[in-house]
Amino acid sequence: MQTIGDFLLISAPSDTIRKTISSRAAQVTEEVRSPRSMSLLLGLTGLLAMMPIPVVGEETPADEKPPIDINADSLDTDRDNDGLIAKGNVQIIQGPGMQFMADEARYSGKSKKLSAEGHVRLQHQGNEFAGRSLVLNTDTRIGELHDVTVKLANNGSQGGAEEVSLLGPDQFIMKQAWFTECNCDPPPWKVKANEIRIDAVDKSMVASDATFYAGDFPIFWTPWWEQPLANQRKSGFLTPDFRTASGNGFEFEVPYYFNLAPDHDLTVTLRPISNRGVLGQLQVRYLGQGYQGSVQTQQIRDTQTESWRGLTTLDHTDHLWGWKIVARGEYSETRNFINDYHQHLVDSAAHRMESHVTASKNTIADDGFSTMRLGVRWNQDLEATNDRFTVQSLPFAVYSDSLPLNRLPGGGGLFDGLDGNRWRLQREFHADNYYQMSGDAVQRLDAAPTLEYSRPLGVTRLTLRAQARETSYLIQGDPMQTGLQRDDTQHREASMFSANLGTRLFKIYPGIATHTLEPKVEVVANAATDQTLLPNYDTTQRYFAFSNLFGDSLYSGLDRISVGQRVNYALVTRLINHGEQEAFWQNMDLGVGQRWIPDDNNIYQQGRNFSPIVSALNVTLRGGWEINAANRFNPEGQRIENNSLRLVKHQNKNDTLSLGYYYNQPSYSGTLMENAGSMLEDAVVNSHFHFNDQWSWNQEANYSLYQSTIKSWKTGFGYEHQCWEFTIEGGRKLANDTINHGGGFIGFTLGLKGIGDYGA
64 MQTIGDFLLI SAPSDTIRKT ISSRAAQVTE EVRSPRSMSL LLGLTGLLAM MPIPVVGEET
124 PADEKPPIDI NADSLDTDRD NDGLIAKGNV QIIQGPGMQF MADEARYSGK SKKLSAEGHV
184 RLQHQGNEFA GRSLVLNTDT RIGELHDVTV KLANNGSQGG AEEVSLLGPD QFIMKQAWFT
244 ECNCDPPPWK VKANEIRIDA VDKSMVASDA TFYAGDFPIF WTPWWEQPLA NQRKSGFLTP
304 DFRTASGNGF EFEVPYYFNL APDHDLTVTL RPISNRGVLG QLQVRYLGQG YQGSVQTQQI
364 RDTQTESWRG LTTLDHTDHL WGWKIVARGE YSETRNFIND YHQHLVDSAA HRMESHVTAS
424 KNTIADDGFS TMRLGVRWNQ DLEATNDRFT VQSLPFAVYS DSLPLNRLPG GGGLFDGLDG
484 NRWRLQREFH ADNYYQMSGD AVQRLDAAPT LEYSRPLGVT RLTLRAQARE TSYLIQGDPM
544 QTGLQRDDTQ HREASMFSAN LGTRLFKIYP GIATHTLEPK VEVVANAATD QTLLPNYDTT
604 QRYFAFSNLF GDSLYSGLDR ISVGQRVNYA LVTRLINHGE QEAFWQNMDL GVGQRWIPDD
664 NNIYQQGRNF SPIVSALNVT LRGGWEINAA NRFNPEGQRI ENNSLRLVKH QNKNDTLSLG
724 YYYNQPSYSG TLMENAGSML EDAVVNSHFH FNDQWSWNQE ANYSLYQSTI KSWKTGFGYE
784 HQCWEFTIEG GRKLANDTIN HGGGFIGFTL GLKGIGDYGA
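The opening position of the sequence shown corresponds to residue 64 in my numbering, with each subsequent residue numbered one higher.
FYI, nobody ran anything at the bench for these hints, they're computed from the structure. Incorrect hints may have been included.
Just the calculated beta-carbon pair ranges, DEER-fashion [stated by the list, open to error]:
id: 1; residue 1: Phe-283; residue 2: Asn-338; range: 32 to 40 Å
id: 2; residue 1: Pro-512; residue 2: Leu-568; range: 29 to 37 Å
id: 3; residue 1: Leu-580; residue 2: Trp-760; range: 38 to 46 Å
Derived lysine-lysine pairs resembling DSSO-like cross-links, with alpha carbons at most 30 Å apart [stated by the list, open to error]:
id: 4; residue 1: Lys-716; residue 2: Lys-796
id: 5; residue 1: Lys-150; residue 2: Lys-173
id: 6; residue 1: Lys-173; residue 2: Lys-255
id: 7; residue 1: Lys-266; residue 2: Lys-173
id: 8; residue 1: Lys-583; residue 2: Lys-570
id: 9; residue 1: Lys-774; residue 2: Lys-712
id: 10; residue 1: Lys-238; residue 2: Lys-255
id: 11; residue 1: Lys-266; residue 2: Lys-255
id: 12; residue 1: Lys-238; residue 2: Lys-175
id: 13; residue 1: Lys-716; residue 2: Lys-777
id: 14; residue 1: Lys-176; residue 2: Lys-214
id: 15; residue 1: Lys-796; residue 2: Lys-712
id: 16; residue 1: Lys-297; residue 2: Lys-266
id: 17; residue 1: Lys-297; residue 2: Lys-255
id: 18; residue 1: Lys-176; residue 2: Lys-150
id: 19; residue 1: Lys-266; residue 2: Lys-238
id: 20; residue 1: Lys-266; residue 2: Lys-175
id: 21; residue 1: Lys-297; residue 2: Lys-176
id: 22; residue 1: Lys-238; residue 2: Lys-214
id: 23; residue 1: Lys-214; residue 2: Lys-175
id: 24; residue 1: Lys-777; residue 2: Lys-796
Yeah, the Cβ is synthetic: ideal placement off N, Cα and C, and Gly gets one too.
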């Protein structure tokens, strides 16, 4: 085989070619003896004679194209076109951007045209083309290939076409083509189109008259399709969603994402619902220096109710002059929208929508902190016919701080002799304006300074707290809905004192574990003036459990204070593994506690002096097992009032099994009781498992043992492939004790690699 590409540089300056060929000509003359080789040498000599002699001092232009190297079994000159004819194992290289192979090729120095036939292989800007024939201008990189298969650079995309038109170094058009971002053979999905345009600069694929195929089965057709060829924000269609439900019928949606600018985008979705019409969805997102947010809305002309219905939300977070500003807006045009439509904007089990704007600022120092929060809050009650009596908070302000007494500004040395940080002052101030559209309104001012002293006493620690609280109300109208119109003021003075004594005893078992005993007792005494004439906007009696056994008040909020005395006491014991790998358990925590209230204050416990016994258990076992339990036991009635038990198995970070049992038989009653809920006994299952690398299963189920019925369930299977993923799920939504929150559904989504993987 004759190899002359190492000295033949077609587009190099003529004097370079002359010198290179002349330097090798004598060697070739001595080596070549066949007539074919001799004619090749004579042809090269003639080609050399035709080349122009450069002017002395002439420089090579700065924008000259890279030289072309040619290797082949044989090379012949083409005098008419100042070119060459290469045959047999042709290999042509033009710089790092283009490499070429074929059975036969022709090159014209006049037109800069390269043509080839037979097993054409072209590497062009990292893309690989394989076809039957090629015509290419080596200067402009414009040309055509026929009967082509294509592999794109970097992302593994591939395709094929009857014809490919190269439009330069960065673009080409595939005609009567197919394309997929999956590098499997055969690909499980692909797009067939009349024309597909690939742009390496924009990293995009645009197809016209396109049909999507799963294997050889057509799924859907679209007149136009665009998607990115890299993991980037770019306009295009997102993952489609299909769903059918007992109330709405069949639903189908394919969102389209608009990449408007680097700092904001838009997603538009049309969602046909067979039983209700077409739901339009819009999402606008924005991002800037120190702020971000989104606005989303869903709107429909409901053919079932013959009315316009919709849901709109807004989220915004900002940082301005050291303040954090958070805005959340929720509004539904009809009160049962979230029950009738599958949506992700708000919790589908919500009973009210809340909109708020808050501005908060936190200052933290080595010895204390301060917090300031301002805002407004607006509620939409989804279970009321209107919001005439719904309570709104417009506006509110909260300030709190904590610092040592000897660091008080303006103290004048009064507290300088106090013992370090043992004495602290905590201050809290509230200013609220509650408003109802009925015209009723209340302004509330609350101030509560608290003095705290803490010091160790041998093996124990003593903490003393004393608080004075002043609350003032300006009442207009009838906020309590008693039928009495008022325009007056109310005041409440309250005080609190508590003493907390606790210790931690431990015993170490070398190489095995550490065992602790942590007893704790707290005495609380509260006093308050008459509260019966005060409106109540934010108070309920706390759910009694081990987690809230200790606290200043039995109520949440500010409008009510639990008066009287009580004693809270508990014992916590822990068993902490020292790393013994063979031990079945890893860590165990058990807490048991109770509350005692004297006769004149036991209204909070239905006339009982001793509360139920509350406990909490947390166990971590070997192999990823966890046990969490909470219990409330009534020793007088010898019965369990509340119980929750949860068993969790973590197979790995992706696979989890959770089994739960929840029981509630409330013995307390009253309008302010958090734990006065209905009787329930539920079994709950949640799981996520991978059967193998591709298949996974999700399961959620809530079964009422008390009513012997399924309250809610959802199950789904997922298949994940390197080129695509598929999920299908069905179930029934949680009833939440109302007929409006039910309804069965089934749906599936199909995600293709490179489609729907951007913009989100």
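So, going through the hints one by one against the coordinates:
no.: 1; hint: Phe-283 / Asn-338: 32 to 40 Å; verdict: 22 Å, violated
no.: 2; hint: Pro-512 / Leu-568: 29 to 37 Å; verdict: 35 Å, holds
no.: 3; hint: Leu-580 / Trp-760: 38 to 46 Å; verdict: 44 Å, holds
no.: 4; hint: Lys-716 / Lys-796; verdict: 27 Å, holds
no.: 5; hint: Lys-150 / Lys-173; verdict: 20 Å, holds
no.: 6; hint: Lys-173 / Lys-255; verdict: 39 Å, violated
no.: 7; hint: Lys-266 / Lys-173; verdict: 34 Å, violated
no.: 8; hint: Lys-583 / Lys-570; verdict: 18 Å, holds
no.: 9; hint: Lys-774 / Lys-712; verdict: 24 Å, holds
no.: 10; hint: Lys-238 / Lys-255; verdict: 10 Å, holds
no.: 11; hint: Lys-266 / Lys-255; verdict: 19 Å, holds
no.: 12; hint: Lys-238 / Lys-175; verdict: 25 Å, holds
no.: 13; hint: Lys-716 / Lys-777; verdict: 21 Å, holds
no.: 14; hint: Lys-176 / Lys-214; verdict: 24 Å, holds
no.: 15; hint: Lys-796 / Lys-712; verdict: 25 Å, holds
no.: 16; hint: Lys-297 / Lys-266; verdict: 9 Å, holds
no.: 17; hint: Lys-297 / Lys-255; verdict: 21 Å, holds
no.: 18; hint: Lys-176 / Lys-150; verdict: 16 Å, holds
no.: 19; hint: Lys-266 / Lys-238; verdict: 19 Å, holds
no.: 20; hint: Lys-266 / Lys-175; verdict: 29 Å, holds
no.: 21; hint: Lys-297 / Lys-176; verdict: 36 Å, violated
no.: 22; hint: Lys-238 / Lys-214; verdict: 16 Å, holds
no.: 23; hint: Lys-214 / Lys-175; verdict: 26 Å, holds
no.: 24; hint: Lys-777 / Lys-796; verdict: 8 Å, holds
The structure fails to meet hints 1, 6, 7, 21 from the earlier list, while all remaining hints are met.
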